[in-house]
Each structure stands twice: as C-alpha cells, then as structure tokens.
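*Asks:* Go ahead and model the full structure; you've got the sequences and the hints to work with.
Note that the protein sequences, when read in sequence, are chains A and B. For the first sequence, my numbering gives the first residue as 1, with consecutive numbering after it. For the second sequence, my numbering gives the first residue as 115, with consecutive numbering after it.
FYI, nobody ran anything at the bench for these hints, they're computed from the structure. Each residue gets a CB set at the ideal place from its N, CA and C atoms; glycine is no exception. Keep in mind that a hint or two might mislead.
What the hints assert, rightly or not - Label-pair ranges, simulated between beta-carbon atoms:
(1) A:N27 / B:S156: 18 to 26 Å
(2) A:R44 / B:T121: 13 to 21 Å
(3) B:Y168 / A:Q56: 20 to 28 Å
(4) B:V160 / A:I57: 22 to 30 Å
(5) A:N27 / B:T174: 43 to 51 Å
As the list claims (entries may be wrong) - Just some of the chain B residues that point at chain A, by a computed CB distance under 8 Å:
(6) G157
(7) I159
(8) F161
(9) R164
(10) Y168
(11) E171
(12) F205
(13) Q214
(14) W217
(15) G218
(16) S219
(17) G220
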Amino acid sequence: EAAVTQSPRNKVTVTGGNVTLSCRQTNSHNYMYWYRQDTGHGLRLIHYSYGAGNLQIGDVPDGYKATRTTQEDFFLLLELASPSQTSLYFCASSDGGVSNERLFFGHGTKLSVL
Amino acid sequence: AQKVTQTQTSISVVEKTTVTMDCVYETRDSSYFLFWYKQTASGEIVFLIRQDSYKKENATVGHYSLNFQKPKSSIGLIITATQIEDSAVYFCAMRDSNYQLIWGSGTKLIIKP
Numbered sequence: 001e002a003a004v005t006q007s008p009r010n011k012v013t014v015t016g017g018n019v020t021l022s023c024r025q026t027n028s029h030n031y032m033y034w035y036r037q038d039t040g041h042g043l044r045l046i047h048y049s050y051g052a053g054n055l056q057i058g059d060v061p062d063g064y065k066a067t068r069t070t071q072e073d074f075f076l077l078l079e080l081a082s083p084s085q086t087s088l089y090f091c092a093s094s095d096g097g098v099s100n101e102r103l104f105f106g107h108g109t110k111l112s113v114l
Numbered sequence: 115a116q117k118v119t120q121t122q123t124s125i126s127v128v129e130k131t132t133v134t135m136d137c138v139y140e141t142r143d144s145s146y147f148l149f150w151y152k153q154t155a156s157g158e159i160v161f162l163i164r165q166d167s168y169k170k171e172n173a174t175v176g177h178y179s180l181n182f183q184k185p186k187s188s189i190g191l192i193i194t195a196t197q198i199e200d201s202a203v204y205f206c207a208m209r210d211s212n213y214q215l216i217w218g219s220g221t222k223l224i225i226k227p
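*Replies:* In structure tokens form, the structure reads like this:
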C-alpha cells in the first residue's frame with residue numbers, strides 16, 4: 001500500500017509568518033499534489049508535480065509556492081501567511097498521472113494562521 | 115467547465131440498511147473517470163471505487179456499488195448493509211482529459227445503531 005507522510009500534523013503561525021509543509025511518499029509515484037480542504041468547498045488543488053524539479057499550477061495557487069526536490073519529497077511554502085490560508089492541507093500521490101489512477105493521501109496538516 | 119455537485123450535505127440512516135448518495139457532473143469529454151473517496155473522522159481520505167465512462171456495467175467493490183446513469187450525468191454511490199464504521203464524509207470526483215480531479219463538496223453519512 002502506498003504511503004504518504006505529511007509533517008507537521010498541526011501548525012500554528014501568525015499573519016505574515018513563514019510556513020513550510022512537508023510531504024514524502026515512499027512508492028516512487030511520479031505525481032504529487034497539494035490540496036486544501038475547507039468546509040463547503042471539498043478539496044481544491046493548489047499545486048502539483050510530475051517529477052523532481054517540476055511544478056504545475058493548480059486551481060488555487062495564489063499565496064503558495066511549492067517545490068519538488070526529489071521523487072519522494074514535495075513541499076508547500078507559505079511565505080507570508082494570511083488568515084485566509086487557515087485550512088486543512090492534504091498531500092497526495094499517484095503513479096503515472098493516468099486518468100483512471102487513484103490518489104493516495106497523507107493524513108493532513110491542520111494550519112491555523114492567527 | 116467541469117463541475118461535480120453533491121447536493122446532499124448530510125444523510126442519516128440506521129445500521130444495516132442501504133443508503134444511496136447522489137452525485138452529478140458536467141463535462142464535455144466523451145471519455146472520463148468517476149471516483150468516490152471516503153474521509154473518516156480522523157481525516158484520512160481513502161479511495162473506494164471508480165467508474166470508467168465507457169463501461170456500461172456498474173462498478174462494485176465489496177459492499178460499495180455505483181449507479182452510473184450516463185444520460186443524466188449521474189454517479190450515485192450505494193452502500194449496502196451499512197455499518198457504524200461507514201460513518202464518514204463521502205466525496206465524488208471526476209477526471210477528464212485535463213487529467214486533474216474535480217471534487218464535489220462531500221456528503222456526510224451518519225450511521226445510527
């Protein structure tokens with residue numbers, strides 16, 4: 001079974017703070033994703049990547065940067081955090097990016113921006 | 115534009131009964147893929163079942179099955195013999211030629227003893 005590990009599980013920061021969320025997958029999946037989940041919106045795609053050094057923009061990228069340093073590691077960066085970025089963040093991975101591929105999710109990071 | 119809509123925000127049923135959760139979608143593609151995921155109380159999101167648009171047979175996995183009505187752009191999730199552990203939020207999602215998943219807003223299922 002694919003394993004996706006996120007850290008930290010919880011994070012509290014202040015407005016204007018600098019935050020990095022980490023994600024590691026151990027099944028050599030090509031695709032990795034960052035989503036945010038807010039009540040009433042379901043999951044919204046922030047950024048995704050199909051390999052080390054690659055970055056693609058998702059549906060809600062404003063205020064976020066991301067970097068895929070290796071096949072396994074994908075980071076989400078909030079350089080000037082705002083209260084609107086308080087959310088539950090999920091990392092996910094999939095193999096090949098084929099349309100019928102399912103996603104494997106991490107357990108989420110709860111971020112609060114005060 | 116692609117869109118996935120789940121109109122039921124919450125459903126409550128008695129244990130061991132059958133429940134159906136609705137999902138309708140919009141796409142211009144002739145080929146697409148539909149998914150259901152489950153989010154448990156702990157927040158974990160897991161894949162449940164998938165329907166390929168070109169397949170006429172409804173997908174079935176364990177006590178999960180789909181009611182795929184292509185002319186109505188509808189993909190309902192049916193859970194038979196519900197158990198307390200089925201209490202969760204269920205998300206419908208669609209992937210078409212753009213390759214990215216479009217998610218519904220979720221339906222909270224409450225199973226009562």
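*Asks:* All hints are to be evaluated individually against the structure, with a verdict given for each.
*Replies:* Hint check:
no. : hint                       : result
1   : A:N27 / B:S156: 18 to 26 Å : holds, 21 Å
2   : A:R44 / B:T121: 13 to 21 Å : holds, 19 Å
3   : B:Y168 / A:Q56: 20 to 28 Å : holds, 27 Å
4   : B:V160 / A:I57: 22 to 30 Å : holds, 27 Å
5   : A:N27 / B:T174: 43 to 51 Å : violated, 26 Å
6   : G157                       : holds, 5 Å
7   : I159                       : holds, 4 Å
8   : F161                       : holds, 4 Å
9   : R164                       : holds, 6 Å
10  : Y168                       : violated, 11 Å
11  : E171                       : violated, 15 Å
12  : F205                       : holds, 6 Å
13  : Q214                       : holds, 6 Å
14  : W217                       : holds, 4 Å
15  : G218                       : holds, 6 Å
16  : S219                       : holds, 4 Å
17  : G220                       : holds, 6 Å
Hints 5, 10 and 11 from the earlier list are contradicted by this structure; the remaining hints agree with it.
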